[in-house]
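Take a look at the letters that make up each chain.
4 protein chains.
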Amino acid sequence: MSGNTLGTLFCVTNFGESHGPAIGCVVDGCPPGLPLEAADIQAELDRRRPGTSRHVTQRQEADQVEILSGVFEGVTTGTPIGLLIRNTDARSKDYANLVDTFRPGHADYSYFKKYGVRDPRGGGRSSARLTAPTVAAGAIAKKWLAANHGVRVRGYMSQLGPVRIPFESWDEVGRNAFYAPNAGIVPELEAFMDELRRDGDSIGARIEIVAENVPAGWGEPLYDRLDADIAHAMMGLNAVKGVSMGAGFESITQRGSQHGDGITPDGFLGNNAGGVLGGISSGQPVTVSLAIKPTSSIRVERQSVDRAGNPTSVQTLGRHDPCVGIRATPIAEALLALVLIDHALRQRGQRG
Amino acid sequence: MSGNTLGTLFCVTNFGESHGPAIGCVVDGCPPGLPLEAADIQAELDRRRPGTSRHVTQRQEADQVEILSGVFEGVTTGTPIGLLIRNTDARSKDYANLVDTFRPGHADYSYFKKYGVRDPRGGGRSSARLTAPTVAAGAIAKKWLAANHGVRVRGYMSQLGPVRIPFESWDEVGRNAFYAPNAGIVPELEAFMDELRRDGDSIGARIEIVAENVPAGWGEPLYDRLDADIAHAMMGLNAVKGVSMGAGFESITQRGSQHGDGITPDGFLGNNAGGVLGGISSGQPVTVSLAIKPTSSIRVERQSVDRAGNPTSVQTLGRHDPCVGIRATPIAEALLALVLIDHALRQRGQRG
Amino acid sequence: MSGNTLGTLFCVTNFGESHGPAIGCVVDGCPPGLPLEAADIQAELDRRRPGTSRHVTQRQEADQVEILSGVFEGVTTGTPIGLLIRNTDARSKDYANLVDTFRPGHADYSYFKKYGVRDPRGGGRSSARLTAPTVAAGAIAKKWLAANHGVRVRGYMSQLGPVRIPFESWDEVGRNAFYAPNAGIVPELEAFMDELRRDGDSIGARIEIVAENVPAGWGEPLYDRLDADIAHAMMGLNAVKGVSMGAGFESITQRGSQHGDGITPDGFLGNNAGGVLGGISSGQPVTVSLAIKPTSSIRVERQSVDRAGNPTSVQTLGRHDPCVGIRATPIAEALLALVLIDHALRQRGQRG
Amino acid sequence: MSGNTLGTLFCVTNFGESHGPAIGCVVDGCPPGLPLEAADIQAELDRRRPGTSRHVTQRQEADQVEILSGVFEGVTTGTPIGLLIRNTDARSKDYANLVDTFRPGHADYSYFKKYGVRDPRGGGRSSARLTAPTVAAGAIAKKWLAANHGVRVRGYMSQLGPVRIPFESWDEVGRNAFYAPNAGIVPELEAFMDELRRDGDSIGARIEIVAENVPAGWGEPLYDRLDADIAHAMMGLNAVKGVSMGAGFESITQRGSQHGDGITPDGFLGNNAGGVLGGISSGQPVTVSLAIKPTSSIRVERQSVDRAGNPTSVQTLGRHDPCVGIRATPIAEALLALVLIDHALRQRGQRG
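Chains as they are written, first to last, in my numbering: chain A, 4 to 355; chain B, 4 to 355; chain C, 4 to 355; chain D, 4 to 355.
One thing to keep in mind: the hints can contain errors.
Claimed, not checked - Stretch-level coverage of chain A by chain B, calculated; a stretch enters the list once three of its residues show a Cβ under 8 Å from a Cβ in chain B: (1) 116-129; (2) 223-233; (3) 254-268; (4) 277-285; (5) 298-307.
Unchecked claim - Examples of chain B residues lying across from chain C (beta carbon under 8 Å, computed): (6) Leu12; (7) Pro34; (8) Pro38; (9) Gly77; (10) Val78; (11) Gly81; (12) Gln261; (13) Arg349; (14) Arg351; (15) Arg354.
Stated by the list, open to error - Derived list of chain D stretches under chain C, where covered just means 3 residues or more per stretch with a C-beta under 8 Å from a C-beta of chain C: (16) 174-183; (17) 264-276.
Rather than coming from a laboratory, the hints here were simulated on the basis of the structure. Think of the CB as a built atom: it goes at the ideal place given N, C-alpha and C, for glycine as much as any other residue.
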C-alpha cells in the first residue's frame with residue numbers, strides 16, 4: 004500500500020490537501036447492518052473543528068460531511084463508505100512566502116525533498132486539516148465498537164507545556180476548550196495560551212486516551228500487535244513525538260515485582276500494562292499517552308534556507324493553532340477506535 | 004496480512020516458538036545483487052545471543068543460522084531468503100507449572116484469551132526468542148543500507164532502572180555486557196544487576212537507537228510515515244512500553260521557537276525532530292528512544308489466577324533475563340534497519 | 004485489505020453505488036511530476052460512457068470527473084488523487100420489483116447472502132457503473148506508462164456472440180459502436196444487436212487487449228506474477244468468465260516445440276506467451292483475451308425465488324446493456340494499464 | 004507485499020529454489036484448534052510428488068515435510084506454521100548449458116531481465132518444484148474447509164493435448180497416472196505420452212477443479228472477488244495460460260436467457276456461473292477450468308540467444324515433465340482451497 008490507507012480489514016484511505024477543493028476518505032470494511040447517518044459523523048467532526056475558541060486556529064470551516072456511498076436506508080451495507088468534506092475557507096495567499104522557504108520543524112522541507120514538487124498552500128497534504136477524514140472514519144469505528152462490544156474511547160489533555168493537569172473528572176472534559184478533565188485549572192491554561200499568542204509562539208502538550216471494555220484477545224503478534232498498531236496510528240498523527248502504553252516511560256525504573264499487574268478472580272490489581280500483554284488486549288482498559296510537539300507555524304523569526312539552499316529567515320503568517328495538542332484529543336480518540344475495530348474484525352476472522 | 008509479516012516491499016515473515024524444533028523467517032523483497040553469506044547474519048545474531056554474560060538468561064543457544072534460499076554464488080538473487088535457526092537448549096519441563104497459571108504482566112494470559120490454546124513452553128510464540136529471526140533479517144537490511152546509502156544504525160543503553168548512563172563514546176558500547184556507551188559506569192551497572200538477581204526480581208531500561216546518513220525523503224504520509232512505521236516496529240518488540248523520536252516527551256514543555264531545528268546551508272542546527280519532519284526523513288540522524296519494562300518472569304511470588312479463574316500465586320523458574328533491555332539494543336537496531344530499507348525501496352518505487 | 008483496493012504501490016480504492024449520490028476512487032501512489040488535468044481522464048470516461056449508441060444502455064450520465072486532490076498547478080504531487088463522479092440520471096423506481104427477488108445470473112442473490120442487506124437500486128454496488136472510477140484511474144496509469152515507457156494499451160472486440168470479428172486494423176476500432184477492428188462486419192453486428200434487443204435478450208462477447216512496448220522484467224513471482232495480477236484484475240471485471248494470455252486455451256493442444264516462442268537477436272519469433280514468461284514480462288506485447296457473459300438483466304421472464312425462498316419469476320425492466328462486452332473494451336484497457344503501472348513501480352522499488 | 008505471499012488473512016509465504024538446500028513456506032493465519040500432523044500434509048505432497056510414473060519427471064524427491072512451528076500437541080495454535088522440505092535429488096550439472104542461454108518459452112529469459120542475476124540450476128526459483136510448499140499449505144486449507152464447512156475440493160484432467168477425456172466418475176481419478184476421470188481412455192493417454200517422450204517433446208492439457216459445499220457469501224467485491232482471487236492464484240501456477248469459471252469461454256456465444264442459472268426453492272437449475280455471481284459465491288459448486296501450456300524444457304532443438312544476445316540453439320537435457328498438466332491437478336486443488344479459506348476468514352471478519 005502507498006501510505007494513505009490505515010488498517011487491514013477496516014481500511015481508511017485518506018485524500019486531500021488543506022487548500023484543495025475537498026478532503027475526504029473511503030472507509031472499506033465496515034460491517035453491514037450498522038445504523039449510520041451523517042449526524043453521527045458530524046458530531047465528532049465538530050469536536051475537532053477549527054475556529055471554536057480563541058485558543059485554536061481562526062480558520063472557519065464548517066467541515067460538513069457528505070456520505071457518498073455505503074449506506075442504504077440509514078444502515079451500512081458492507082460496501083465502501085465514501086466521505087466528502089469541502090474546503091471552504093482557504094486563504095492561499097497567506098502562504099506565498101512559503102513557496103520558496105522552509106519552516107524549521109515543518110514538513111515543508113521533507114516533502115520537497117521527497118516529491119520534488121509540493122502544494123505549499125496551507126501545508127498542502129501535510130496539514131493537520133487532513134485529520135478531519137480520520138476523525139470522520141473514527142466516528143464510524145466508535146459507533147460500531149460501542150454497539151457491538153460496549154467499548155468507550157475517550158481522551159483528555161494531561162499537560163499543556165509546563166502546566167500539569169490533574170485528572171478530576173471525565174465530566175469536565177467537554178466543558179472547556181482544552182479537553183482538560185479539571186475545571187479549576189482552566190483559567191491557568193487560558194492565561195498561558197493568551198501570553199503565548201502574544202509572543203507569536205507555540206507550545207507542546209500531553210494527551211491521554213483510554214478505551215474501556217475492550218475484550219481480551221485483540222491483537223496479532225508477532226508484529227501487528229495491538230500496541231504496535233496503536234503506536235503506528237498515533238505516531239502518524241501530526242506533531243506526535245512520543246507514544247506510550249500504560250506505565251510507559253515510568254517502566255524504566257520499575258521492578259518486575261512492581262510492574263506486573265496482579266490478577267484476581269475480580270480482575271487486575273493495576274494497569275501498568277495499559278491493557279496490552281504480549282501485544283494482545285488483556286481486558287484491562289487500553290491506555291495511551293501522547294507527547295505532542297509545539298507547532299512549527301509561528302510568528303517568531305527563525306533561521307532557514309530557501310529552495311536553492313541559500314540562508315534566509317522565516318516567519319509564519321496565516322492562521323494556526325498555537326497548541327496543536329488542544330485539538331488532538333478527538334483525533335487521537337478516532338485513531339484508537341480505528342485500530343481497535345480493525346483488530347476486532349481480525350480476531351473475528353481468526354476465531355469466528 | 005496476519006500479523007507475522009513486517010514491511011511492505013522488504014517483508015519479513017517470522018515463525019517459530021521458543022521450544023519448538025526451529026525458528027526462522029522468510030525475507031521477501033531483498034534487492035538482487037547484494038553479496039551475502041551466513042557469516043554476515045551470524046555476526047548480528049551473536050550480539051543478541053543468550054548466555055553471553057551472567058546478566059542475561061543462561062539458556063545456551065548457538066543460534067546458528069542456515070540460509071535456505073535466495074542467495075546464489077554469494078549474491079542475493081531477488082527471490083525470498085529463507086533463514087532457519089534450530090532450537091537446541093529448550094528445557095520445557097521448567098514450564099510445567101505455567102500450563103495452568105498466568106504470570107502477572109506476561110502474555111500467558113492474553114494468548115490464552117485470544118487463541119483458546121497455546122504452547123506454554125518457554126513462552127511459546129510470545130518468547131523474546133522470536134526476536135532472533137528479526138535480528139537475522141535486520142542484518143541483511145543493515146548490509147544493504149550501508150552498501151547503498153552509507154546508512155549506519157547503532158544503539159546503546161541510556162538508563163538501567165534508576166541508573167542513568169551518560170553518553171561518552173560509541174567505542175565503549177561493544178566492550179561491556181550492557182551496551183553502555185560509558186566505561187566508568189559499568190561497575191555500578193554490574194552491582195545493580197547482581198543485587199537484582201539475588202532478589203529474584205527484574206528491572207526496566209531505556210535504549211537509544213540512531214541511524215546516520217539517512218537521506219531526506221523516506222516515509223509515506225499520511226499514515227505510513229517513517230516515524231509511524233518505526234513506532235510500529237519498536238512497540239512490537241517484547242517489553243517495549245514507550246517509543247519516542249528526537250526530543251520525544253521533552254517536546255511537551257518546549258516552545259515552537261525552541262523545538263523547530265533551524266536550517267542553514269551547512270545543515271540543521273539541532274535534532275529535536277529526531278530526523279523526521281511530517282513523517283518523512285529530513286536528512287538529520289534518525290533518533291529513537293525506547294522504554295523497556297521489567298520482564299514478568301521473576302522468582303518473586305505474585306498473585307494470579309489459574310485457567311479456571313481461581314486465585315493462585317505464581318513464581319517463574321526457568322532461565323530468564325532479569326533485564327530484557329540489555330539484549331534489546333541489537334534487536335532494536337535490526338528493527339530500525341528493517342523499517343528504513345522498506346521505506347528506501349518504497350521511495351525508489353515512487354520516485355525511481 | 005477489504006476488497007475495494009487494486010494494486011500494491013499504485014493503489015485504486017473504489018467507492019459508490021449505481022444510484023447513490025456519487026461514485027469515485029482514490030488513486031494512491033501515482034508518482035509526482037506527471038502533468039494531469041481532468042480532460043485526460045474525461046477522454047477515457049467518455050469512451051466508457053453509457054448512452055452513446057442504441058446498442059448500449061440508454062441511461063444518460065455525463066460522467067463528469069472532478070479531481071479533488073493530488074494535483075497542483077497541473078502536475079501530480081505524489082499524494083492521493085481523489086476522483087469524484089456524481090450520479091445524475093438514476094431512475095431507482097425501475098428497480099422496485101427487484102427488492103424482493105433475485106435475477107438469475109445476477110449478483111442480487113449473492114450480495115444478499117453475503118451482506119444480509121443490500122442497495123438494490125440499479126444493482127447497487129454490483130453495477131457495472133462502478134467501472135467508471137476504474138477507467139478514470141486507468142487513464143492516469145495509461146498517461147504515466149506512455150510518458151515513461153512508451154507503453155500503449157489498446158483493445159478491441161473479436162467476437163460478438165456467434166459473430167467472429169477478424170482483425171483488420173486498429174484504425175477502425177474507434178469508428179464504430181462495437182470497438183470492432185473491422186468496418187465491413189459492422190452492419191452484421193448492428194443487425195444482430197437490433198434483433199437481440201427486440202427479443203429482450205442479451206449476448207456474450209470476446210475482447211482482446213494488447214499492451215505494446217512493455218519492458219522485460221515486470222512481475223513478481225512466485226504468486227504476484229504479472230499474468231496472475233492481470234487475471235485478477237480482469238476476472239474482477241463484471242461479466243468476465245474467462246481470462247487467457249497469448250495462446251490461451253489453444254495451448255492445450257500445442258506441443259512444446261510449437262508453443263515456445265523462438266528468440267533471435269531481432270526479437271521473438273511469435274507470441275504464444277502473450278508477453279509473459281514465468282510470470283515476468285518478456286518484452287513481447289502483453290496480450291489478453293476475455294470471455295464476457297451475457298448480462299443477466301433481460302426482459303425475458305425466468306424462474307427465480309424471492310427473499311423468503313418462495314418460487315417466483317423475474318423480468319428486468321430499467322435500462323441495460325444487451326451486450327456488456329461492447330463497453331468492456333475501455334474498461335479492460337484501464338485494468339491492464341493499472342496492473343502494468345503497479346508492476347512498473349514494484350520493479351523500480353526492487354531494482355532501482 | 005513482495006510477491007511471494009498468497010492471501011490476506013490465511014497467508015502463505017513461499018521460499019526456495021529447485022536446487023537449493025530446501026524449499027518451504029510459512030502459513031500465517033490458520034485458525035487455532037485444528038488437529039494437524041505432518042501426515043495430513045504428506046498425503047497431499049505425495050499426490051504431487053515427482054517420479055511416481057513414467058509419464059512425469061524422474062527426479063526422485065521424497066518431499067518429506069517437517070512442521071517447524073504453529074502446532075502444539077497435535078493442534079494448531081493460531082501462530083505461523085513453518086513447513087520445511089529438504090531438496091535431496093538435485094543434479095545441477097544437467098543445467099550447465101543453460102547458464103548462458105535461454106529456453107524459448109521459459110522463465111530463463113525474463114528472470115534474467117528482471118533480476119540481472121539468477122540461479123539457473125533446475126530453473127531455480129521459477130521451477131515447478133516450488134509448487135510443493137503451495138500444496139503443503141493447501142493441505143491445511145483443505146482440512147480446515149472440510150472440518151468447518153464440509154467443503155470438498157477435487158480436480159481432474161479433462162483433456163491431454165488433442166485427447167478429450169469425458170468425465171465418467173470421480174472414483175477413477177485416483178486410479179491412473181493422469182488424474183483422468185475415465186478408465187477407458189487411459190491406454191490412449193499412455194500411448195500418446197509414450198510417443199511424445201520418444202519425440203522429446205511436450206504437450207498441453209486442460210484441468211477442471213471443483214469445490215462443493217462452498218456457502219453463499221464468500222468473496223469481496225469490487226476487486227478481490229472470489230473469482231478474481233481464484234484467477235490470480237491459478238494464473239500464477241506455472242504453465243497456466245488460461246483460467247475460466249463455469250461456462251467460461253462458452254459464455255461468449257450464449258444468450259442471457261440461456262446463461263443465467265434459474266433459481267428454485269430446491270436450488271439452481273444449472274451452473275453456468277461456476278458458483279460465483281458478482282464475485283461472491285452463490286452456493287453452487289465452484290468450478291474452474293485451466294489451460295496448461297506444454298513445458299518449454301524439451302529435447303527438440305530450438306532457436307534462441309545467449310546472454311550477450313548472439314544467436315544460438317538450445318536443447319534441454321535434465322529430467323522434466325513432458326506434460327506438466329499431469330501433476331497440476333493436486334496443485335490447482337491446493338490453490339483453490341487456499342483462496343477459499345482466505346475468503347472464509349475474510350467473511351467471518353466482516354460478518355462475524
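Checked hints:
{"no.": "1", "hint": "116-129", "in the structure": "holds (count 6)"}
{"no.": "2", "hint": "223-233", "in the structure": "holds (count 10)"}
{"no.": "3", "hint": "254-268", "in the structure": "holds (count 15)"}
{"no.": "4", "hint": "277-285", "in the structure": "holds (count 8)"}
{"no.": "5", "hint": "298-307", "in the structure": "holds (count 8)"}
{"no.": "6", "hint": "Leu12", "in the structure": "5 Å, holds"}
{"no.": "7", "hint": "Pro34", "in the structure": "6 Å, holds"}
{"no.": "8", "hint": "Pro38", "in the structure": "16 Å, violated"}
{"no.": "9", "hint": "Gly77", "in the structure": "19 Å, violated"}
{"no.": "10", "hint": "Val78", "in the structure": "14 Å, violated"}
{"no.": "11", "hint": "Gly81", "in the structure": "6 Å, holds"}
{"no.": "12", "hint": "Gln261", "in the structure": "30 Å, violated"}
{"no.": "13", "hint": "Arg349", "in the structure": "6 Å, holds"}
{"no.": "14", "hint": "Arg351", "in the structure": "5 Å, holds"}
{"no.": "15", "hint": "Arg354", "in the structure": "7 Å, holds"}
{"no.": "16", "hint": "174-183", "in the structure": "violated (count 0)"}
{"no.": "17", "hint": "264-276", "in the structure": "holds (count 8)"}
The structure fails hints 8, 9, 10, 12 and 16 (numbered hints given earlier, in ascending order).
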